[in-house]
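J.: Chain by chain, the residues run as shown.
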Amino acid sequence: GNSVTQMEGPVTLSEEAFLTINCTYTATGYPSLFWYVQYPGEGLQLLLKATKADDKGSNKGFEATYRKETTSFHLEKGSVQVSDSAVYFCALLYGGATNKLIFGTGTLLAVQP
Amino acid sequence: DSGVTQTPKHLITATGQRVTLRCSPRSGDLSVYWYQQSLDQGLQFLIHYYNGEERAKGNILERFSAQQFPDLHSELNLSSLELGDSALYFCASSVQGSPLHFGNGTRLTVT
Chain A
1 GNSVTQMEGP VTLSEEAFLT INCTYTATGY PSLFWYVQYP GEGLQLLLKA
51 TKADDKGSNK GFEATYRKET TSFHLEKGSV QVSDSAVYFC ALLYGGATNK
101 LIFGTGTLLA VQP
Chain B
1 DSGVTQTPKH LITATGQRVT LRCSPRSGDL SVYWYQQSLD QGLQFLIHYY
51 NGEERAKGNI LERFSAQQFP DLHSELNLSS LELGDSALYF CASSVQGSPL
101 HFGNGTRLTV T
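Which chain is which? The protein sequence lines are A and B, in order.
One point on numbering: in the working numbering, the residue at position 99 of the first sequence is 99, and numbering is uninterrupted.
One point on numbering: in the working numbering, the residue at position 31 of the second sequence is 31, and numbering is uninterrupted.
Just chain B, same shape as in the assembly (with noise of 0.2 Å):
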């Protein structure tokens, strides 16, 4: 167990709909970083926030944002979805300088 908590763990949805993905970090980690894993793109890096802060953004769609909050779990939006976005979305914390820990993903499905 990573100590990396991501809810719900599968999301089925329509196109055009609007989803939010939750994680909670590893007790003490500040960085959330989340990543989205598709057969066709592989693990691509999203976006990180750090003790609440946006710090770097990645591939990360106009359509999807992020924050984190004061508890420093952090929430994924994705809006407008589309078939391409089915995909699973994963969530990892760490201490600065220090490896990701990575939760167990959400597996979004869109129809």
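Pulled out of the complex, with its shape left as it was, chain A reads as follows (with noise of 0.2 Å):
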């Protein structure tokens, strides 16, 4: 079936170091694929997304490509600030009539100042 493998957290960080998220998927066909954010205490935020192999979403410094080869979407930023310390959770979108959305694990990302 469908899914999503994210690393484990936490990932914990300096300020400005450079930050990497895995996530790897398993799907039939073609999904979208998306990274949200979870501020404490908040609902989920879309970051970014891309909807077709090599498509790169971007947003906000961060950045993740769709390879279709590696079937994987990692998460980068070239430098963290404290104001990203957040979970962040890797998705895909299989469409059909549910369009409903399968999320990984989370990650929680720690940035210190």
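Any given hint might turn out to be false.
Straight-line alpha carbon distances no greater than 30 Å define the calculated DSSO-like cross-link-like pairs of lysine-lysine that follow [claimed, not checked]:
1) B/K9 with B/K57
2) A/K56 with A/K68
3) A/K68 with A/K52
4) B/K57 with A/K60
5) A/K77 with A/K56
6) A/K77 with A/K52
7) A/K77 with A/K60
8) A/K52 with B/K9
9) A/K68 with B/K9
Pair ranges (Cβ atoms, derived) [said to hold, decoys possible]:
10) A/D54 with B/T15: 47 to 55 Å
11) B/R18 with A/G61: 27 to 35 Å
12) B/D1 with A/S14: 28 to 36 Å
13) A/E69 with B/D71: 42 to 50 Å
14) A/T20 with B/S80: 43 to 51 Å
15) A/G41 with B/L83: 19 to 27 Å
16) B/S79 with A/N2: 24 to 32 Å
17) B/L39 with A/T20: 23 to 31 Å
18) B/N51 with A/E76: 13 to 21 Å
19) B/R18 with A/K52: 25 to 33 Å
Calculated from the model, a selection of chain B residues having no Cβ within reach of chain A, i.e. all distances over 10 Å [what the hints assert, rightly or not]:
20) S2
21) A14
22) G16
23) R63
24) S65
25) E82
26) H101
27) T109
Hints in this document: simulated from the structure, not taken from any laboratory.
Using N, Cα and C, we set each Cβ at its ideal position, and we do this for glycine too.
Hints in hand, dock the two standalone chains.
T.: Structure, rendered in structure tokens:
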């Protein structure tokens, strides 16, 4: 079936460090891929998306490239800030009638000053 | 602000009781989804409604039910509550084929 696997957290980095959070997926067909972010006490916010192979999604300095050959969608940021501390969720959307999002388990990022 | 409104923000109730969680989707969104977030299970899809009709069911217990009304708001009903039902319940809405937009959730505590 369709599923998403994320690297386990927590990931602890110093401010201005480089961030990578790995995400791989299993899916039939060609799903759309997303990263959502959840700040403490809040709901999930869409961070970026990619709808087809080789697409690069980007937002707020974060990037992820849809790699069909490796079934991956790793999240990267060149220089993290304390305000980036949150839980990051990779997700895939397979279409049809349900339009259902399947989430990974989430990765907690803690950025220290 | 995602435009999705969930009420109440917090709910504390006892085992065996019944509660109703409410969700107002973004203006124009016909789809409403319910998710449960708990520490041990992560984010679990519960159910999807589109324009008043149930479209898909996920890991939703028989004690739970939902509906979407003609004005497109949705309610999630949880009955015979157990301690393990304590979780964050999120509602999300979307236009078909577009990303989901989430509300801030209802935190349910069952004591």
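J.: So which of the earlier hints does this model not fit?
T.: Of the numbered hints, 4, 8, 9, 11, 18, 19, 20, 26 do not hold.
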